[in-house]
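Chains A and B, in that order, give the protein sequences.
Counted from 1, the first sequence has number 193 at position 193 by the working numbering; the numbering is strictly sequential.
Counted from 1, the second sequence has number 200 at position 200 by the working numbering; the numbering is strictly sequential.
Keep in mind that the hints are not guaranteed to be accurate.
Which residues of chain A face chain B? A few of them, derived with a C-beta cut under 10 Å, are [said to hold, decoys possible]:
{"hint": "1", "residue": "Arg46"}
{"hint": "2", "residue": "Leu82"}
{"hint": "3", "residue": "Gly97"}
{"hint": "4", "residue": "Pro98"}
{"hint": "5", "residue": "Tyr100"}
{"hint": "6", "residue": "Phe168"}
{"hint": "7", "residue": "Tyr207"}
{"hint": "8", "residue": "Phe212"}
{"hint": "9", "residue": "Ser215"}
To give an idea of the chain A side of the interface with chain B (calculated C-beta under 7 Å), a few residues [stated by the list, open to error]:
{"hint": "10", "residue": "Thr28"}
{"hint": "11", "residue": "Pro68"}
{"hint": "12", "residue": "Leu173"}
No lab work stands behind these hints, which were simulated from the structure alone.
Virtual Cβ for every residue (Gly too), placed ideally from N, Cα, C.
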Amino acid sequence: MFAAFDWEVIWRTKAYLWQGMLFTFNLTLLAMVGGIILGTLLALMRLSSYRILNVPAGAYVNLLRSIPLILVIFWFYFLVPLAVKAITGSPYAEGIGPFYSALIAFTIFEAAYYCEIIRAGIQSVPRGQVDAAYALGLTYRQAMMRVVLPQAFRNMVPILLTQGVILFQDTSLVYVVGLTDFMGAASKVAQRDGRLVELYLFAAVVYFVLCFAASYYVKYLQARLTPASR
Amino acid sequence: MAYNWNWGVFFQDAMFGPGTYLDWMLSGLKWTVVVSLAAWLIAFSVGSVLGVLRTTSFRFLRGVAATYVEIFRNVPLLVQMFIWYFVVPELMPKDVGRWMKTGMPMPEHTSAILCLGFYTASRVAEQVRSGIESISRGQTYAAYAMGLTEVQVYRHVLLPMGYRIIIPPMTSEFLSIFKNSSVALTIGVLELTAQSRQITEFTFQGFEAFTLATVLYIMITMTVILLMRVVEGRFRVPGFIGTGGR
């Protein structure tokens, strides 16, 4: 049944598709790093005993977790140019492309999810560790940086990576603002050459292989990091 | 910031079609809810079957269910959406394919519901599996020792417990399906996010349109949480808390 299909189209456009894949990797990595940094700050705020810190952080997380990613992408695609105009005072939003709108949207959105993961990770560190750190005279900052967070992150590596795989899949949604990530490249070729079946199946296979391999690696890590006694 | 606020935009007559822009938003809300609920029916039933298959004693069935879950979890929803809408009709036998493209009522909505349903089924399956696996083996052994068959063990012991243990993680899957339904806009379903985008393009009142959409999504989330709290209160097993699998 595949006789009428032209699979060569993928080989002919491989350079363009590869460009798209690089964009996807770029966006995933940057948003992951940004999301983890912002997520850690939010998690520390949520765990703080000061209401002025934990209430806004809780509101942020609950708000972003109740709206779809596409809506967040649209929000920032619309807001970032306005903000740039306000800051630079120029009537045109120059010098900042849609890539940054997308990156900001993903960072802000993923931070809410990373926050919850990191919060759980911090809470999984035994309370005695914190008490011992304070008893040794460490400040809050030292206790966090040298005792709690290193242990928390070590426990969290598998689940942070799993979230990274989800993020990698989610970056395909930049399609909605016309950016050329891997999926954007595939769909542009698909529409130009009228090869929807070939390109979309190819995209599915590529995403599957990458995500399956990554999740397999996460399972291996998890098995290694979990003590045998558990 | 030089932005012209105009909340009255929702009461203006829409660019085309009868009604105001508020009617557009409400129609978007309606489709978000309809698509999500219909997809949830598929997700819950297919996911339950798959989750049970993953824990049965038949190696072959476990393999089939595991393969399904891996495939549907590791391909982005957007790609799956395009495959259901653009690719599936081409791969069907000629007459079926032609019917899907020309005869099928509301092809976008149908494809979106099928896509979202079968995608979420893989996630529901993981929750059902983790619920069943979290029941102590002793209960299963006891059930077999009493002479129950495998079907009876599931029917009377594992499923009644398993479903109740996983109510909290199932709540978050149920919430996800409403958010994920926004991906249907890529194949032309005019749901809530699509309508707010469309209004922004016609009126340039992005703040107003996106704010209303955000508020409506929050209201959906709160409704679901309240509803599930009632369900949980009625069915929860004391002493068991579902954490769910990923």
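Does the nearest C-beta of chain B fall within a distance shorter than 7 Å of the C-beta of proline 68(A)?
With Cβ-Cβ at 4 Å, under 7 Å, it holds.
Proposed interface contact between arginine 46(A) and chain B, which counts if any beta carbon pair is under 10 Å
Because about 18 Å separates arginine 46(A) from the closest Cβ in chain B, which is outside the 10 Å limit, the hint is violated.
Chain B contact restraint on leucine 82(A) - CB to CB distance below 10 Å:
With a closest approach of 6 Å, the leucine 82(A) hint holds.
May I ask you to test the interface hint for serine 215(A) with respect to chain B, counting a Cβ-Cβ separation under 10 Å as satisfied?
Hint on serine 215(A): holds, closest Cβ of chain B at ~7 Å, below 10 Å.
Against chain B, run the beta carbon of threonine 28(A) and see if the smallest gap drops under 7 Å.
Check failed: Cβ of threonine 28(A) comes no nearer than 12 Å to chain B, outside 7 Å.
Report holds or violated for the interface hint on phenylalanine 168(A), using the least CB-CB distance to chain B and a cut-off of 10 Å.
Nearest chain B Cβ about 8 Å off; hint holds.
Closest C-beta approach of tyrosine 100(A) to chain B relative to 10 Å, hint status:
violated, 18 Å
Under the criterion of a CB-CB separation shorter than 7 Å, is leucine 173(A) in contact with chain B as hinted?
holds, 6 Å
Hinted contact glycine 97(A) with chain B - closest CB pair below 10 Å
For glycine 97(A), the interface hint is violated, since the closest Cβ of chain B sits about 19 Å away, which is over 10 Å.
Could you check if phenylalanine 212(A) really has its C-beta closer than 10 Å to a C-beta on chain B?
Hint holds; phenylalanine 212(A) Cβ to chain B Cβ min 5 Å, cut 10 Å.
Please verify that hint: proline 98(A), Cβ, nearest Cβ of chain B, below 10 Å or not.
Given a least distance of 15 Å, the restraint on proline 98(A) is violated.
Should the interface hint for tyrosine 207(A) be scored as holding, given a Cβ-Cβ cut-off of 10 Å against chain B?
Tyrosine 207(A) check passes; min Cβ-Cβ to chain B is 5 Å, inside 10 Å.
Checked against the numbered hints above, the structure violates hints 1, 3, 4, 5 and 10; every other hint is satisfied.
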